[in-house]
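Engineer: Fit chain B to the given chain A structure using the hints.
Just so you know, the protein sequences line up as chains A and B, in that order. Positions 1 to 504 (the numbering used here) are the ones given, in order, by the first sequence. Positions 505 to 853 (the numbering used here) are the ones given, in order, by the second sequence.
In short, the hints are calculated from the structure, not lab data. For clarity, every value in this text was computed on a predicted model and none was experimentally measured. One or more hints might be untrue.
Said to hold, decoys possible - Once the Cα atoms are required to be at most 30 Å apart in a straight line, the calculated DSS-like pairs of lysine-lysine come out as: (1) 380(A) <-> 733(B); (2) 364(A) <-> 716(B); (3) 735(B) <-> 507(B); (4) 9(A) <-> 56(A); (5) 210(A) <-> 221(A); (6) 364(A) <-> 733(B); (7) 642(B) <-> 723(B); (8) 283(A) <-> 318(A); (9) 364(A) <-> 642(B); (10) 735(B) <-> 145(A); (11) 271(A) <-> 735(B); (12) 716(B) <-> 375(A); (13) 278(A) <-> 318(A); (14) 145(A) <-> 640(B); (15) 344(A) <-> 716(B); (16) 735(B) <-> 278(A).
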Amino acid sequence: MSDYIIEMKNITKKFKGIVANENINLSIKKGEIFAILGENGAGKSTLMSMLFGMNKPDEGEIYINGQPRDIKSPNDAYKLNIGMVHQHFKLVSEYTITENIVLGNEPMKKKFGLFPHVDLKEANQKVKELSQKYGLQVNPTDIIKNTTVSTMQRVEILKMLYKEAEILIFDEPTAVLTPQEIELLLEVIVNLKKSGKTIILITHKLDEVKKVANRCAILNKGKLIDIQEVANISTQDMARLMVAKEMSFNIYKPTIELGDIILDINNLCVKTNIDVVKNVSFKIHAGEIFSIAGVSGNGQVEIADAICGILPCKGSIKFNNIEISSLSVRERVNIGYIPEDRHKHGLILDFDISRNAVLRDYYKPQFCKDNIILKNEFVKFADSLISKYDIRCANGAKTNMRSMSGGNQQKVIIARETSRISKLVIFVQPTRGLDIGARQNIHNEILRLRAMGTAILLISLELDEIMQLSDTIGVIYNGEIQTIKEASQLSKEDVGEFMMGVHA
Amino acid sequence: MKKIKIPLISLGLSLITGIIVILLIGKNPLTAYQNLLQGSGLLPKPSYAGYKNMFTDFMVFLNTLTPMVFAALSVVVAFKAGLFNIGVSSQMLFAGFIATITIGYSPLNGFIAKPLVIIIGIMAGALLGALIGFLKYKFNINEVVSSIMLNYIVQYTTSFFINTKYIDVVSRQSKNISPDASLTLKNIEIAGLKIDIPLGFVVAIIVVIIIKIIINNTKFGYEIEAVGKNKEASTYAGINVGITLVKAMLLSGALAGLAGVTYYLGLNLSIQPRTLPTIGFDAIAVALFGNLSAIGSFIASFIITIITKGSAYMSSISKVPAEIASIIIALILVFSACGAYIKLKKGAK
Numbered sequence: 001m002s003d004y005i006i007e008m009k010n011i012t013k014k015f016k017g018i019v020a021n022e023n024i025n026l027s028i029k030k031g032e033i034f035a036i037l038g039e040n041g042a043g044k045s046t047l048m049s050m051l052f053g054m055n056k057p058d059e060g061e062i063y064i065n066g067q068p069r070d071i072k073s074p075n076d077a078y079k080l081n082i083g084m085v086h087q088h089f090k091l092v093s094e095y096t097i098t099e100n101i102v103l104g105n106e107p108m109k110k111k112f113g114l115f116p117h118v119d120l121k122e123a124n125q126k127v128k129e130l131s132q133k134y135g136l137q138v139n140p141t142d143i144i145k146n147t148t149v150s151t152m153q154r155v156e157i158l159k160m161l162y163k164e165a166e167i168l169i170f171d172e173p174t175a176v177l178t179p180q181e182i183e184l185l186l187e188v189i190v191n192l193k194k195s196g197k198t199i200i201l202i203t204h205k206l207d208e209v210k211k212v213a214n215r216c217a218i219l220n221k222g223k224l225i226d227i228q229e230v231a232n233i234s235t236q237d238m239a240r241l242m243v244a245k246e247m248s249f250n251i252y253k254p255t256i257e258l259g260d261i262i263l264d265i266n267n268l269c270v271k272t273n274i275d276v277v278k279n280v281s282f283k284i285h286a287g288e289i290f291s292i293a294g295v296s297g298n299g300q301v302e303i304a305d306a307i308c309g310i311l312p313c314k315g316s317i318k319f320n321n322i323e324i325s326s327l328s329v330r331e332r333v334n335i336g337y338i339p340e341d342r343h344k345h346g347l348i349l350d351f352d353i354s355r356n357a358v359l360r361d362y363y364k365p366q367f368c369k370d371n372i373i374l375k376n377e378f379v380k381f382a383d384s385l386i387s388k389y390d391i392r393c394a395n396g397a398k399t400n401m402r403s404m405s406g407g408n409q410q411k412v413i414i415a416r417e418t419s420r421i422s423k424l425v426i427f428v429q430p431t432r433g434l435d436i437g438a439r440q441n442i443h444n445e446i447l448r449l450r451a452m453g454t455a456i457l458l459i460s461l462e463l464d465e466i467m468q469l470s471d472t473i474g475v476i477y478n479g480e481i482q483t484i485k486e487a488s489q490l491s492k493e494d495v496g497e498f499m500m501g502v503h504a
Numbered sequence: 505m506k507k508i509k510i511p512l513i514s515l516g517l518s519l520i521t522g523i524i525v526i527l528l529i530g531k532n533p534l535t536a537y538q539n540l541l542q543g544s545g546l547l548p549k550p551s552y553a554g555y556k557n558m559f560t561d562f563m564v565f566l567n568t569l570t571p572m573v574f575a576a577l578s579v580v581v582a583f584k585a586g587l588f589n590i591g592v593s594s595q596m597l598f599a600g601f602i603a604t605i606t607i608g609y610s611p612l613n614g615f616i617a618k619p620l621v622i623i624i625g626i627m628a629g630a631l632l633g634a635l636i637g638f639l640k641y642k643f644n645i646n647e648v649v650s651s652i653m654l655n656y657i658v659q660y661t662t663s664f665f666i667n668t669k670y671i672d673v674v675s676r677q678s679k680n681i682s683p684d685a686s687l688t689l690k691n692i693e694i695a696g697l698k699i700d701i702p703l704g705f706v707v708a709i710i711v712v713i714i715i716k717i718i719i720n721n722t723k724f725g726y727e728i729e730a731v732g733k734n735k736e737a738s739t740y741a742g743i744n745v746g747i748t749l750v751k752a753m754l755l756s757g758a759l760a761g762l763a764g765v766t767y768y769l770g771l772n773l774s775i776q777p778r779t780l781p782t783i784g785f786d787a788i789a790v791a792l793f794g795n796l797s798a799i800g801s802f803i804a805s806f807i808i809t810i811i812t813k814g815s816a817y818m819s820s821i822s823k824v825p826a827e828i829a830s831i832i833i834a835l836i837l838v839f840s841a842c843g844a845y846i847k848l849k850k851g852a853k
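Next up, chain A with everything else stripped away, as it sits in the complex (with noise of 0.2 Å):
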């Protein structure tokens, strides 16, 4: 019998050819705390989706408590006594929280002998007794749609304790709460784990992963880089083992003058569901990159969605010195945008070529007379497109969006929006998905560009991008930006230090 729980063999999984998981070995003991860390599509949760059976690994084996396991579905998973807390709670609104949890293994109670019906009384009575044993407090007979956001993760956790888990994993659970409620989510970690549950912390939050861890694995880019004890490694180190070690190839950059300032941006806030945007502030020049480095949904597209006028934001954007901030989408269409998901916003997939690459000019005079449509001129627009930009098309400018490579469409999203002349183009993860010719290709033209005197804002998740492009970084962490520098006085290091908030 071995000591460890969970033990998974030389797991690797791969999704269209990209490898997200590269031959991983990892072992858990019971009764710790274990955290799993990384960036962004750096392979965490594809990893415990497979512990969990929602994916099955192409190689490898798991072993749970030294037995090899086949996890083909969540509920086998349940089965091992394994539960998951999802980033995104699977709860019926309209129950009670009672009703949530004991849903699928009802107590039942039979009336006259006769009448099998779930007995909610002793339902209640047992959700109690679990909330009061790990401390999760709860009113068993609220309704789920009348409770907060942590009251919903903490009926999650009990739903897995109600199951008898002995496994629980965390999918980055502290993501939606505000700091009070994460310390309290802490305390009922560490209380889960004194009970003697084995926990599982998927999270690139390395403070939580401080306080409560006892070893933690650092992936990168589906490999796994480390196995250390939490209490043997400082914050800046993990920040280190998380940010590439890949050798970057040097690309031409040479050094050209700033011209004006083109975009001034001052205490721009963002507010959607909570403050995205806090007090934001910087400049960008004629000829300048200027990149936003940070963890996915710190807030940067939401600075690039509220510069194209798509958010509503309060503070100044100027733009030539020009006040823009209140003008709609369409008076602001000047500004080159590659959106961050190019499906959802860039591109209408079922149109063809043509019909988007005047995606947001069709209105113009050269493509539109009298409310009339010049289909031929969108034609001869998009041919254009193809053969400066080298578009591999079936069909030329007719061909369907939706039958091309991710890489073409990116193209034609970035050949629309930098055709245009514009002053300034805001890039959000142009290289997103794609192949590395596709990105030697973008980032050639958005050297060009620059070379050109075009302003650019950059904002990418992957730090080799940013570090091999920017002319100026910005990093932002939780809607604030933590520092602004010429990109030359900053380490990659340094950089994914303040992008987990952790720099000294």
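Structural biologist: Just chain B now, kept in the frame of chain A:
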């Protein structure tokens, strides 16, 4: 060619299934199908009543076809904007009712009354359509829900007014409109024949062309389609999504209004209280069958109307129940929907 593949296959499969069903009830499918064409004035019948021949049958067929063309266009325009206008029927009824009580019962002469009927029909339908669009834009109320509710509201309010104010006690319908307001000239004697001349059909052909141009060649058409296919990308393109939805529903409602006046003040001359016209619902099938294009739904209306119009003659001559026609139409819808699904699946790959 690619565009008409799915509709053709759907039609073929439906007709084949129809043959099997007719065989199962022990009738001859070929004569049954022949009867459908005869009943629609596309094939000569063995005998005719006085003043009638194949041509008069065909004019009656066109008269029946007209509201269907408008109703299908109404569905198409809404679909382009990604909306499901299941309220075509109530928009028809509302437009027909308003035109009936304002112009239908007025003493105006034909040259003034007929254009006014059309204009009032368009405005009444547009008003109701725009209301649905506005509710969606302002309060994010699903258009299907609000349309269905409006169906009931319009059905019962109009029926209240008809029953209390405009009822013909013999027919239990609203009183007939004056012939001057009718968009169909009834029983006109030409060359020894009594012919119905549906003026609305001429309007329908013009409107089909206008809608085709709007969808394919105008800025508005581009915006409608962009919004229908991807709202987020439309916002990013600077299109005002909400206003576009309202405008699309306004146009859709206007077309339903045209369907309403050609139905209640053309094909019929009165309104049956508490009844929604089934055309409004059939039009959804027709629009899908017509590949959601203007010309396509015109052709689809033509084919579907052959089946609905000819079914009465089929049942009286061959004793094949008229319900067979409904089965065939239902099958066309099922197969068209399957086709659309297959296309979507293929596209996603």
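Engineer: For a quick check of understanding: which of the numbered hints are violated here, in increasing order?
Structural biologist: none
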